[in-house]
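Protein sequence lines correspond, in order, to chains A, B and C. Position one of the first sequence corresponds to residue 27 (my numbering), numbered consecutively onward. Position one of the second sequence corresponds to residue 155 (my numbering), numbered consecutively onward. Position one of the third sequence corresponds to residue 3 (my numbering), numbered consecutively onward.
Hints may contain errors.
Claimed, not checked - Mimicking DSBU-like on lysine-lysine, the simulated pairs with C-alpha atoms at most 35 Å apart in a straight line are: (1) K25(C) to K166(B); (2) K153(C) to K45(A); (3) K82(C) to K166(B); (4) K166(B) to K90(C); (5) K90(C) to K203(C); (6) K153(C) to K90(C); (7) K111(A) to K44(A); (8) K153(C) to K203(C); (9) K296(A) to K203(C); (10) K44(A) to K153(C); (11) K82(C) to K203(C); (12) K296(A) to K153(C).
What the hints assert, rightly or not - One side only, chain A facing chain C, incomplete, derived with CB under 10 Å: (13) S183; (14) I216; (15) Q219; (16) M225; (17) E246; (18) Y277; (19) V285; (20) P290.
Hints are computed from structural coordinates only; laboratory data are not their basis. Because the structure is a prediction, the values reported are computed rather than measured. C-beta: ideal position from N, C-alpha, C; glycine also.
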Amino acid sequence: MAEPVLEVTGLKKHFPVKKGILRRTVGQVLAVDGVSFAIGPGETLGLVGESGCGKTTVGRTVLRLIDPTEGTIRLEGHDITRLGKSEMRPHRRQMQIIFQDPFSSLNPRMRAGDIVAEPLKVHGEANREVRRERVAALFDRVGLRAAQMDAFPHQFSGGQRQRIGVARALALNPRLIIADEPVSALDVSIQAQVINLLMDLQRELRLSYLFISHNLAVVEHISHRVAVMYLGRLVEYADKTTLFTRPLHPYTEALLAAVPVPDPATRRVKIVVQGDVPSPLRPPPGCHFHTRCRYAEARCRTEVPALREIEPGHFAACHLR
Amino acid sequence: MANHDHALELEKAGANISGRLSSLAFLARRYPLGAIGGVIMVVFLLTALCAGLTGLDPFTTDARSSLARPGGEHLLGADFMGRDVLARIVFGARISLAVAVGATVLGCFFGVVIGLTSGFFGGWFDLLVQRLIDIMQSLPLLVMALVMAASLGPSLQNTIIAIAIPLVPSVARVIRSNALSLREMPYVEAARAVGMSEMRIAVTHVLPNTLAPLIVLGTAQLGSAILVESALSFLGLGVPEPHPSWGRMLSESAAEYVRSAPWLVIFPGVAISAVVFGTNLLGDAIRDVLDPRQRQ
Amino acid sequence: MSERVLEVDDLQTVFYTRAGLVKAVDGVSFSLARGETLAIVGESGCGKSVTALSLMRLVADPPGRIVGGSVRLAGRDLVKLDEATMRKIRGNRIAMIFQEPMTSLNPVMTIGRQISEALILHQDMSRNAALERTIRMLDVVGIPEPEQRTKEFPHQLSGGMRQRAMIAMALACNPEVLIADEPTSALDVTIQAQILEVIAKLRREFGTAVILITHDLGIVAETAERVIVMYAGRKVEEGSVERVFADPQHPYTRGLINSIPRLGLIRNRAEESSRRLQEIPGMVPALSNLPPGCTFAPRCTLASEICRREVPPFEQKIPGVFAACWHAGRVAVVANG
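Let's have the full structure, built from the sequences with the hints guiding it.
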């Protein structure tokens, strides 16, 4: 691919577990445990997994809202892994974020127009008229009316609030947008509106997305490449078609089998994987998935499988492939 | 038939009410105690603000009217120096209001600053402040105010300060807990993702959203402040001569004249009780109205 | 046709709010056969949850109230019963499980005690007999080490386990009807599959009729036999799951089905995974201010004069599928475009 917009190598984020009055560190939660991927211009990487897999932490770490423990993050070729606050600032123009909850992602006491204008203000656009014009253009682009700029968030519906969030993310003309479950809290018919909007914007502006979601159907629709995470590790990474039609990792298989398909005419083989998702505080040794894997062998209990390129462009972390 | 039932229930729920006045009337019907509290506070406020316009004179002494009974020229009687009790109550309201509002505003201001910094920025500052608040809150408001007043000396300004300082911990605590939860909000994260400085985020995003509970807190503190001022003045540590103060009116008359001239004790006492009662009723009602769980 | 275990006739539930009268459930009728799974699907505000709560007589009064219609469980009208009698039926003959098991289970009572309580209360069992049955129920729902679990508290169980415990509690007294209100929305996908499997298995073993309330059309397609689509408090479509998905009669149903991404790749329909999702323009109207005529008309591409004036009747459009639409026939033709 062309020079990637985002390149993440060996990313790790550990959270210390503190106990006692003196808050001594008794252990680590390996929320993200060695994740690598790249996103090209105009491309969407879908990052999927269930609760506790670390996908949200990956998003936050890439954005440098959380500091990584190890690894590198390259944004448009620049290494931003350890930059300080003021050094980060110019780079922040290139990556923005859209959140899951349309209710808490907007300051309830600010007008919609001001919320979208704020990034411009912070990055030096002092002229109020210029800001207002740009915000009006952004509103128009995301399907809102400029007249709504003076309204407060509570006066908008969930879908409209999410559009305001998208407008805010676009304000600085970023190359990359981290979308953290952007449609999960919306009604089904509104989801379609927002998904279509995101895809249209990607085509128009050659935006890249890191699309974090637990909804496989949405990920299939919007992504070019897909990465599957389980308990902090990447277990499979491939282009969309390959991953969905020829999954290599047992967990991917299980995920795909578990998703209910809205087509009664399709009868699929139901692989219902047993057991609970282990707690990130006490991940199983060796391959994290071995406790629920129908193919597990002795080796899986002790050795951590590395993410290997099984076919060109198709990576999986499993001993049995 | 069903339509009649609907109309009744809808009225109870307050449907189709437009306009400030009818909204107010609806609230008054739903929270009658709060309405009473509101009326008391309005009377108190007007009395204090319009004291000068009444033409009453609380300062002039008149030996002939000493210990006059209520009625006639002195509607509520006169004290041993012949000063009109009604006039002193009306002007006393002004003092009480000044002290209460002054102390509450001062206390809230510092409480907000400390609570916000502590909650939002955290770290060792927060730990330190937390412990200080704990210590201060372990002493009752009155005791703390007493100590302050005794060390600062009796004067109007010192009374305000003495009452304001003990108010700071409660305000700081509430603001701090709000700030703690707000700093995790997605819109705060969005501001960080844009590169906004922490200070700016604290002021533009966190501060405005922490202020909601202040209304309820402030009203409650107002009542406490009035009570404490009365107590301090009663003990001679509060507002000094010649400012009329309900508390000092009580202390001057309680021991000697409670049986011979009870009006000197009753009226100031009623005034204090009524106003504090009013702030509590109003504060409770405001809290209920603003309670998000009461909404649909 | 199997015996009907539940018959709902013209149910009407309203809420009195500051915004006015909210007709949350506006004349909903349906019946449930023994052992059948009926899905009620719709988006937020359509009235599906209020319908479920109305069946259980759990609508908070104030501000809500059931103002019309009947709910017959084995012939008895639940709407007309007094609270004391209703309590004997709730949890006994008709039970409900909710989306958030953590808030529906008492955090300070052990699992065993909560489930046994229902048995002791409704079935007049002794404490020991109730405990035995509790352990059996926990085993049936697939909770490992059930005797140990009876002594544990809800917070000690994972989300999936808690939901299983809720199911065990709901089915302990072997009710005729189980209402499941978004039972898996808060769960991970793999755990969701487990729970749906448990519900299906129990349905087969106990013969319970299930009303499944959900917004997820995938779950409807895979678990339900019949489906009711609700919009703004009314039914807009009803029929067998196969027929409704294959040939939806109401524009809203069609819009819903076409607006969701459908995992085309794993069904060997690659073109489905890249087509543009159909949008339903506009938003659900405020329930306190419904438009006259068909409530969906403002958002419907087929809407005409009559739609805006008169409420369309709910009638059979193709064999086995009922819908409320003046243009239902036309939808079927446009569909294949």
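Query raised in the report: Can the hint on V285(A) be confirmed by a CB-to-CB distance to chain C that is less than 10 Å?
Result: This interface hint holds because 6 Å falls under the 10 Å limit.
Query raised in the report: Has the given pair, K166(B) with K90(C), been kept, meaning a C-alpha gap of at most 35 Å?
Result: Since the Cα atoms of K166(B) and K90(C) sit roughly 32 Å apart, the hinted pair holds (cutoff 35 Å).
Query raised in the report: Is it true that the CA of K153(C) sits at most 35 Å from the CA of K90(C)?
Result: Given pair K153(C), K90(C) holds - Cα atoms ~26 Å apart, limit 35 Å.
**Report entry** Proposed proximity, K203(C) with K296(A) (alpha carbon, max 35 Å)
**Finding:** holds (14 Å)
Query raised in the report: Hey, K82(C) versus K166(B), does the alpha-carbon distance stay inside 35 Å?
Result: holds (24 Å)
**Report entry** Agreement of K296(A) and K153(C) with the hint, judged by alpha carbon distance not exceeding 35 Å
**Finding:** holds (33 Å)
Requested in this report: Below or equal to 35 Å on CA atoms is what counts here, so check K90(C) against K203(C).
Outcome: Holds - the C-alpha atoms of K203(C) and K90(C) are around 26 Å apart, at most 35 Å.
Query raised in the report: Would the stated hint for I216(A) survive a check requiring a Cβ distance to chain C of less than 10 Å?
Result: Holds - the Cβ of I216(A) comes within 10 Å of chain C, reaching about 8 Å at its closest.
Query raised in the report: Going straight from one Cα to the other, do K82(C) and K203(C) come out at no more than 35 Å?
Result: Within the cut-off at roughly 34 Å; holds.
Query raised in the report: Is the interface hint for Q219(A) satisfied, with its Cβ closer than 10 Å to some Cβ of chain C?
Result: Since chain C brings a Cβ to about 5 Å from Q219(A), closer than 10 Å, the hint holds.
Query raised in the report: If you draw a straight line from the CA of K153(C) to the CA of K203(C), is it 35 Å or shorter?
Result: holds (26 Å)
Report task. Using Cβ atoms only, decide whether M225(A) comes closer than 10 Å to chain C, and label the hint accordingly. Result -> holds (8 Å)
Every hint, counting from the list given before, is met by this structure.
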